[in-house]
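Numbering-wise, the sequence shown is residues 14 to 282 according to this note's numbering.
A few of these clues could be false.
Said to hold, decoys possible - The list that follows gives simulated cross-link-like pairs (lysine-lysine, DSSO-like), each with its CA atoms no further than 27 Å apart:
id, residue 1, residue 2
1, Lys239, Lys60
2, Lys60, Lys152
3, Lys60, Lys123
4, Lys152, Lys239
Stated by the list, open to error - Across the chosen pairs, the derived CB separations fall in these ranges:
id, residue 1, residue 2, range
5, Val124, Ser205, 34 to 44 Å
6, Val55, Ser98, 40 to 50 Å
7, Tyr36, Leu260, 20 to 30 Å
8, Ala225, Ala91, 15 to 25 Å
It is worth saying that the hints were derived from the structure and are not from the lab. Glycine is no exception: its CB is placed at the ideal position from the N, C-alpha and C atoms.
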Amino acid sequence: MSPVQTKRPIALRRQTLRRQSIYLLPNLFTLAALFSGFYAIVQSMNKMFVPAAVAIFIAMILDGLDGRVARLTRTQSAFGAEFDSLSDMVSFGVAPALVVYEWALREFGKVGWMVAFVYCAGAALRLARFNTNIETGDKRWFQGLPSPSAAALVAGLVWISHEYADELSSISDALPFFALLLTLFAGLTMVSNVRFWSFKEINMRKTVPFVALLVMVLLLMLIVAKPPLVLFCLFLAYGASGYVMALWQLLRRGKKPAERGSAPTNGQN
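Make a model of the complete structure from these sequences and hints.
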């Protein structure tokens, strides 16, 4: 056998091995996020709702890190993107739906599990739409509420309801109804056309005013002092921001024709 013939099988084997291999570092973060979502499901089945809610927030942090680590280390891959979507479906689709169902929606019977499924289906559709529009969409905006933010709304409500059980004792009977409405809101908003700021315009390499660092320190101190309350309020404000911005744009469009109609005619009839 000639040397050329012996080199070809070796080159083919190396190419096949390269195609079958994966980057370890970013996929470890994705695997950890997937484990956090699975852990949340298991804890909700054991009626341990606070650890379940915290696990969903941990999955959010890990989900935000895997993509950044992949870009920084130049280890992006099609496998990583698909793995990340599957992990997101478990951590931000299935896990929050089951946690809130076990916590509050079970008592509503059929309506409860239907609302939980609406949320789960909304997360799946949201992820599918994001994957198909990732190359064509405007990077500044998300179309529909991102699934991690929707999961934070649901998990945050579960968390604060247990952390502040004494303070919320007067409205404890209304909490299941609020959970039902919030879960439905999160599920439908994920598949809506409402735009939400993506924060991708923020450039960490640019200089900012000194006061910006002071604001970040104060925000960090608030989160450390009262994590469930501050995080829930932040994501609740973010969930409402898309509708506030859409309403503002609608009002501005309504004013423009009126302004044109009342413009001076320069003496013409």
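Going down the list of hints, with the structure as the test:
1. Lys239 x Lys60: With a Cα-Cα distance of about 23 Å, the restraint between Lys239 and Lys60 holds, given a limit of 27 Å.
2. Lys60 x Lys152: It is violated: about 40 Å lies between the C-alpha atoms, which goes past 27 Å.
3. Lys60 x Lys123: Holds, because 20 Å separates the two Cα atoms, which is no more than 27 Å.
4. Lys152 x Lys239: 32 Å, violated
5. Val124 x Ser205: 34 to 44 Å: Taking Cβ atoms as reference, Val124 and Ser205 lie about 21 Å apart, which means the hint is violated.
6. Val55 x Ser98: 40 to 50 Å: 22 Å, violated
7. Tyr36 x Leu260: 20 to 30 Å: 43 Å, violated
8. Ala225 x Ala91: 15 to 25 Å: 37 Å, violated
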